[in-house]
Amino acid sequence: MSAKIITREQVLHVAELARIELSEEEIERLGADLGEMLEYVEKLGQLDTSAVEPTFQVGDPGVLTRPDVVTNEPAPERMLANAPDREGAYFKVPKIIE
Amino acid sequence: MAAENYEAVIGLEVHTHLLTRSKLFCGCSAGFGAGPNDNVCPVCMGMPGVLPVLNERAVELAIRAGLAAHAEITPLSVFDRKSYFYPDLPKGYQVSQYDLPICRGGYIELPPAADGAQKRVRLVRIHLEEDAGKNIHEAGASLVDFNRSGVPLVEIVSEPDIRSADEAVAYLRELRTLLLYLEASDGKMEEGSFRCDVNVSVRPHGTEKFGVRTEIKNLNSFRYVEKAIAYETARQIDLIESGGTVAQETHLFDSEREETRPMRSKEFANDYRYFPEPDLPPIRVGADMVEAIRAAMPELPAARRARYAAEFGLTPYEVGVLTQDRETAEYFEVVAAAVENRKAAANWVMTEVLRVVRESGKSFAVAAPPPAETAALMRMVEGSKISLTAAKTAFAAMVKAGGGAAATVESLGLAQVSDEAEIAAACERVLGAESAKVAEYRAGRDKLFGFFVGQVMKAMGGKANPKIINDILRRQLAG
Amino acid sequence: MPPAINGTGALAQNQIMPSELNRLTIAEARDRLRRRAISSRELTRDCLDRIAAIDSKLGAFLTISEHAALEQADAADKRLATGDAPALCGIPIGVKDVFATRGIRTTCASRILENFVPPFDATVIERMRADGAVFVGKTNMDEFAMGSSTENSAYKPTRNPYDLDRVPGGSSGGSAAAVAADECVAALGTDTGGSIRLPAAFCGVVGMKPTYSRVSRYGVIAYASSLDQVGPFTKTVRDTAIVMNAIAGGDPRDSTCSTRAVPDYEGALSGEVKGLRIGVPKEYFVDGMQPEVERAVRAAIAGYERTGAVIVPISLPHTEYAVAAYYLVATAEASANLARYDGVRYGLRVEADDNITLYNRTRARGFGTEVKRRIMLGTFALSAGYYDAYYLKAQKVRTLIRRDFEKAFADCDIIATPTTPATAFKIGEKTADPLQMYLSDIFTISVNLAGLPGLAFPCGYDGHGLPIGLQLIGPAFGEEPILRAADAWERSFTPRHPAL
Numbered sequence: 001m002s003a004k005i006i007t008r009e010q011v012l013h014v015a016e017l018a019r020i021e022l023s024e025e026e027i028e029r030l031g032a033d034l035g036e037m038l039e040y041v042e043k044l045g046q047l048d049t050s051a052v053e054p055t056f057q058v059g060d061p062g063v064l065t066r067p068d069v070v071t072n073e074p075a076p077e078r079m080l081a082n083a084p085d086r087e088g089a090y091f092k093v094p095k096i097i098e
Numbered sequence: 001m002a003a004e005n006y007e008a009v010i011g012l013e014v015h016t017h018l019l020t021r022s023k024l025f026c027g028c029s030a031g032f033g034a035g036p037n038d039n040v041c042p043v044c045m046g047m048p049g050v051l052p053v054l055n056e057r058a059v060e061l062a063i064r065a066g067l068a069a070h071a072e073i074t075p076l077s078v079f080d081r082k083s084y085f086y087p088d089l090p091k092g093y094q095v096s097q098y099d100l101p102i103c104r105g106g107y108i109e110l111p112p113a114a115d116g117a118q119k120r121v122r123l124v125r126i127h128l129e130e131d132a133g134k135n136i137h138e139a140g141a142s143l144v145d146f147n148r149s150g151v152p153l154v155e156i157v158s159e160p161d162i163r164s165a166d167e168a169v170a171y172l173r174e175l176r177t178l179l180l181y182l183e184a185s186d187g188k189m190e191e192g193s194f195r196c197d198v199n200v201s202v203r204p205h206g207t208e209k210f211g212v213r214t215e216i217k218n219l220n221s222f223r224y225v226e227k228a229i230a231y232e233t234a235r236q237i238d239l240i241e242s243g244g245t246v247a248q249e250t251h252l253f254d255s256e257r258e259e260t261r262p263m264r265s266k267e268f269a270n271d272y273r274y275f276p277e278p279d280l281p282p283i284r285v286g287a288d289m290v291e292a293i294r295a296a297m298p299e300l301p302a303a304r305r306a307r308y309a310a311e312f313g314l315t316p317y318e319v320g321v322l323t324q325d326r327e328t329a330e331y332f333e334v335v336a337a338a339v340e341n342r343k344a345a346a347n348w349v350m351t352e353v354l355r356v357v358r359e360s361g362k363s364f365a366v367a368a369p370p371p372a373e374t375a376a377l378m379r380m381v382e383g384s385k386i387s388l389t390a391a392k393t394a395f396a397a398m399v400k401a402g403g404g405a406a407a408t409v410e411s412l413g414l415a416q417v418s419d420e421a422e423i424a425a426a427c428e429r430v431l432g433a434e435s436a437k438v439a440e441y442r443a444g445r446d447k448l449f450g451f452f453v454g455q456v457m458k459a460m461g462g463k464a465n466p467k468i469i470n471d472i473l474r475r476q477l478a479g
Numbered sequence: 001m002p003p004a005i006n007g008t009g010a011l012a013q014n015q016i017m018p019s020e021l022n023r024l025t026i027a028e029a030r031d032r033l034r035r036r037a038i039s040s041r042e043l044t045r046d047c048l049d050r051i052a053a054i055d056s057k058l059g060a061f062l063t064i065s066e067h068a069a070l071e072q073a074d075a076a077d078k079r080l081a082t083g084d085a086p087a088l089c090g091i092p093i094g095v096k097d098v099f100a101t102r103g104i105r106t107t108c109a110s111r112i113l114e115n116f117v118p119p120f121d122a123t124v125i126e127r128m129r130a131d132g133a134v135f136v137g138k139t140n141m142d143e144f145a146m147g148s149s150t151e152n153s154a155y156k157p158t159r160n161p162y163d164l165d166r167v168p169g170g171s172s173g174g175s176a177a178a179v180a181a182d183e184c185v186a187a188l189g190t191d192t193g194g195s196i197r198l199p200a201a202f203c204g205v206v207g208m209k210p211t212y213s214r215v216s217r218y219g220v221i222a223y224a225s226s227l228d229q230v231g232p233f234t235k236t237v238r239d240t241a242i243v244m245n246a247i248a249g250g251d252p253r254d255s256t257c258s259t260r261a262v263p264d265y266e267g268a269l270s271g272e273v274k275g276l277r278i279g280v281p282k283e284y285f286v287d288g289m290q291p292e293v294e295r296a297v298r299a300a301i302a303g304y305e306r307t308g309a310v311i312v313p314i315s316l317p318h319t320e321y322a323v324a325a326y327y328l329v330a331t332a333e334a335s336a337n338l339a340r341y342d343g344v345r346y347g348l349r350v351e352a353d354d355n356i357t358l359y360n361r362t363r364a365r366g367f368g369t370e371v372k373r374r375i376m377l378g379t380f381a382l383s384a385g386y387y388d389a390y391y392l393k394a395q396k397v398r399t400l401i402r403r404d405f406e407k408a409f410a411d412c413d414i415i416a417t418p419t420t421p422a423t424a425f426k427i428g429e430k431t432a433d434p435l436q437m438y439l440s441d442i443f444t445i446s447v448n449l450a451g452l453p454g455l456a457f458p459c460g461y462d463g464h465g466l467p468i469g470l471q472l473i474g475p476a477f478g479e480e481p482i483l484r485a486a487d488a489w490e491r492s493f494t495p496r497h498p499a500l
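Chains as they are written, first to last, in the numbering used here: chain G, 1 to 98; chain U, 1 to 479; chain Z, 1 to 500.
Worth flagging that the hints you see were computed from the coordinates, not collected in a lab. Misleading hints may appear alongside valid ones.
To give an idea of the chain G side of the interface with chain U (calculated C-beta under 10 Å), a few residues [claimed, not checked]:
(1) Gln10
(2) Leu12
(3) His13
(4) Lys43
(5) Gly45
(6) Gln57
(7) Gly62
(8) Pro67
(9) Asp68
(10) Val69
(11) Val70
(12) Asp85
(13) Val93
Which bits of chain Z does chain U cover? Going by a derived footprint, with three or more residues having C-beta under 8 Å, they are [to be verified]:
(14) 106 to 116
(15) 163 to 177
(16) 192 to 204
(17) 213 to 223
(18) 345 to 359
Every residue gets a Cβ at the ideal spot worked out from N, C-alpha and C, and that includes glycine.
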């Protein structure tokens with residue numbers, strides 16, 4: 001991979017932030033792809049944006065707030081219906097480590 | 001250098017649930033105590049395709065808190081996504097506020113110290129964010145309940161202006177009282193709706209440079225805050241004195257051992273990758289909206305305190321007790337408005353009323369007689385219709401069985417007799433029966449006066465107006 | 001009757017009587033249904049039969065809802081009999097598998113949602129259901145809408161009805177192919193960087209991306225929140241106007257959905273283009289374009305000029321930066337939007353002893369390569385030390401691109417461009433190099449960054465008989481002029497049906 005743009009360590013760090021376990025082959029391949037894309041987007045550096053505000057949203061805003069009213073009825077079975085694992089009305093996950 | 005040569009530098013971050021009916025971004029109930037995953041919907045569970053819509057009351061309450069803390073209300077504030085993975089965080093990001101929080105600056109004035117000194121703790125910011133769900137740990141697994149996910153929080157961050165554990169607790173108490181007054185929070189630390197993180201560092205007295213600070217997370221009682229600060233301050237001073245350096249760490253407080261311990265997680269800070277929330281337009285708050293919220297705000301504790309001192313001539317201690325929360329203050333005000341002797345009313349509320357409320361553990365409305373009835377009882381005492389002792393009896397009966405003041409006094413026969421003729425007749429009878437003692441009194445044994453008063457009172461079943469007894473006896477004894 | 005735009009004198013499509021019901025347009029079906037000349041059941045049955053006959057070859061559908069569709073058709077027929085039925089009542093519709101459909105498996109063409117059954121409908125589904133539409137099934141797509149060819153589906157590729165060895169385009173390839181092959185009368189898709197317009201061009205149907213915020217995104221599984229927009233695939237422009245009338249408008253469940261009044265889009269189809277100023281940006285005619293595409297697009301523009309439109313040369317100088325800006329903004333937003341797929345509450349879970357391994361393995365197994373690629377790029381663009389140079393920078397360039405369009409629209413009413421640099425490529429042709437695949441979007445991506453409406457519709461065919469799409473771009477909330485111009489063209493254009 002294009003080491004000047006992104007190192008193996010950086011690829012592993014990003015994969016860790018994104019919580020995706022990569023195979024050795026994927027580390028190579030995705031690392032190279034990432035490097036290629038980062039090289040491509042360098043062209044944005046050609047533009048002087050020092051006096052430009054970013055655009056985070058386009059279009060019109062819509063209904064901005066809702067009134068403070070409870071509109072939902074309890075429906076735990078429906079909400080748990082897709083649970084991969086559960087115990088009673090709880091979602092169950094393996095041991096939590098920090 | 002001894003410990004006294006150092007000062008502690010403390011900043012506090014408080015997270016509190018806002019008292020809204022529904023959650024911050026969806027129509028689920030924000031209430032406490034439901035069955036697991038009862039108050040949950042696709043939005044607060046982070047199902048694919050859902051979108052958040054902001055609760056207007058949460059914005060209002062956050063602005064109230066800002067106004068009460070003399071903060072600047074940001075005309076345009078923005079929500080941001082704070083990304084991290086945790087089972088109780090359904091979307092894998094928390095919607096919070098980063099660069100542009102809803103309130104900036106401000107201060108909390110602590111109640112005056114014994115010497116009258118008044119300290120201000122400055123705030124950095126107040127912002128809105130959603131809470132996460134709850135994990136319950138089992139052996140080798142965890143159970144997740146999303147009822148709390150999406151409940152609105154404000155985070156209130158202070159400047160490191162606090163210099164002692166006492167000040168920290170005073171700040172937290174004042175903040176909590178303020179939020180209770182504003183009906184912004186219910187302040188229930190034991191239910192987790194008022195949580196505190198403490199940042200502690202030390203430096204030699206008189207220096208400006210900040211030391212390295214430790215963050216102690218998730219303290220949920222004032223006592224723990226005190227202990228944690230005491231422990232951590234001592235730990236840091238010892239470390240420095242023995243030539244070490246304080247590391248920037250996050251600690252948890254072990255409430256059993258009363259000490260702080262570093263958290264087991266990695267040392268580098270989480271990269272939260274904040275960016276503006278694309279699903280929510282910015283919050284625009286105009287001057288009109290701020291004024292409307294200000295106008296609808298209840299009277300703040302500091303203003304109320306000043307008013308009580310001036311209007312009712314109460315001491316700082318009395319003011320403190322009566323303004324500790326809105327219910328007490330409001331009860332007192334109704335009573336005080338309906339009587340002449342406000343001091344007596346204050347005393348009555350502070351002793352009799354607060355006692356029954358505290359003992360019952362329930363609200364004023366349930367535990368105590370309506371304030372109008374308490375006032376009626378006080379007026380009877382003022383008008384000498386009953387004695388103070390009789391009033392206490394009547395009050396106890398009113399608490400137990402309900403019933404109004406007048407009816408209770410009547411049914412218990414507690415009315416004080418002020419009929420001079422009746423009292424005079426009783427005095428004559430008593431003096432007539434105790435001629436030997438009368439002679440002793442007239443010969444100079446003044447102490448016997450109390451005996452005669454007692455006898456007359458006994459003869460009248462304890463219901464005679466003592467002042468009238470005094471006057472008549474004096475006249476009769478004078479010969 | 002306005003003069004024929006393309007000059008061939010051939011009869012326009014809507015004057016031909018279809019021999020099969022599945023060839024009807026919405027307008028035609030609406031007319032026959034209301035007159036009770038046909039029933040919704042007959043129409044739906046014909047579409048389902050068509051699906052049964054060809055979809056094993058075409059691969060447009062991931063889930064077919066035969067039973068539910070016929071029930072809906074029967075209900076629609078009852079309503080039609082009362083004489084009070086909305087435009088979409090009884091019309092068979094295909095739905096890209098990115099829309100939450102209550103009780104019906106919704107996968108986003110990903111393994112990570114293989115068995116996910118939403119307990120709610122997307123708002124647009126709710127609206128169409130309330131209108132009596134008939135949902136025949138969920139269509140194939142690139143996984144999580146990331147792709148330009150539908151080859152990134154975790155399940156199967158979809159094929160182009162005009163040539164089964166070629167792609168239908170993506171990410172809404174299934175919906176485009178289904179409409180082109182008459183498996184349904186219309187379909188819903190989403191467009192984030194061109195995912196409606198590109199497949200519409202490749203498959204020779206009409207596809208529209210409305211102005212950002214025109215249509216509710218509630219219930220649309222998010223890829224890039226500030227770019228995603230819902231739109232229809234139809235056989236005619238009039239049909240697009242009909243669907244837009246049904247789905248556009250404010251939604252209290254979506255704070256980014258405009259409450260601006262919805263005009264009568266169908267009523268705007270006057271057939272008139274006289275005096276319409278059509279901007280033609282020089283940056284959209286690049287080296288390396290397929291010559292037939294350029295010729296067909298230029299011929300279409302010349303055709304407009306002959307019927308009274310005014311052609312205005314314009315420049316959109318920041319066009320060459322759009323793909324770069326998009327692939328930072330879209331992937332950044334996607335990296336957060338896809339964080340919820342963690343194996344905890346729904347979807348795939350890979351067994352693990354602790355939560356971190358749970359995430360790592362579930363996401364490793366559940367996401368395809370392209371999705372991983374984009375999550376990683378987006379995570380990087382937001383990460384500490386890189387946010388300013390990547391994500392923030394891209395959003396500033398986005399402002400420049402928006403301004404380009406604002407300036408251009410001072411001089412013209414609508415903008416005409418090719419939709420794609422070339423016609424449909426072969427399956428597997430571009431999968432080796434992601435960047436090459438990304439560059440298919442060069443003509444569509446700016447429109448999403450600026451949040452403007454864009455419409456693609458067939459204006460010709462190349463030597464292989466593959467469709468060529470013209471793109472019309474409008475100013476914000478300018479759906480009417482582009483619909484009007486496209487409809488005017490269509491009145492004199494005879495589209496070719498695929499041989500399938």
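Hint by hint, here is what the structure shows:
no.	hint	in the structure
1	Gln10	12 Å, violated
2	Leu12	14 Å, violated
3	His13	9 Å, holds
4	Lys43	22 Å, violated
5	Gly45	20 Å, violated
6	Gln57	6 Å, holds
7	Gly62	8 Å, holds
8	Pro67	6 Å, holds
9	Asp68	3 Å, holds
10	Val69	6 Å, holds
11	Val70	5 Å, holds
12	Asp85	9 Å, holds
13	Val93	5 Å, holds
14	106 to 116	holds (count 4)
15	163 to 177	violated (count 0)
16	192 to 204	violated (count 0)
17	213 to 223	holds (count 6)
18	345 to 359	holds (count 6)
Hint violations for this structure: numbers 1, 2, 4, 5, 15 and 16, all remaining hints satisfied.
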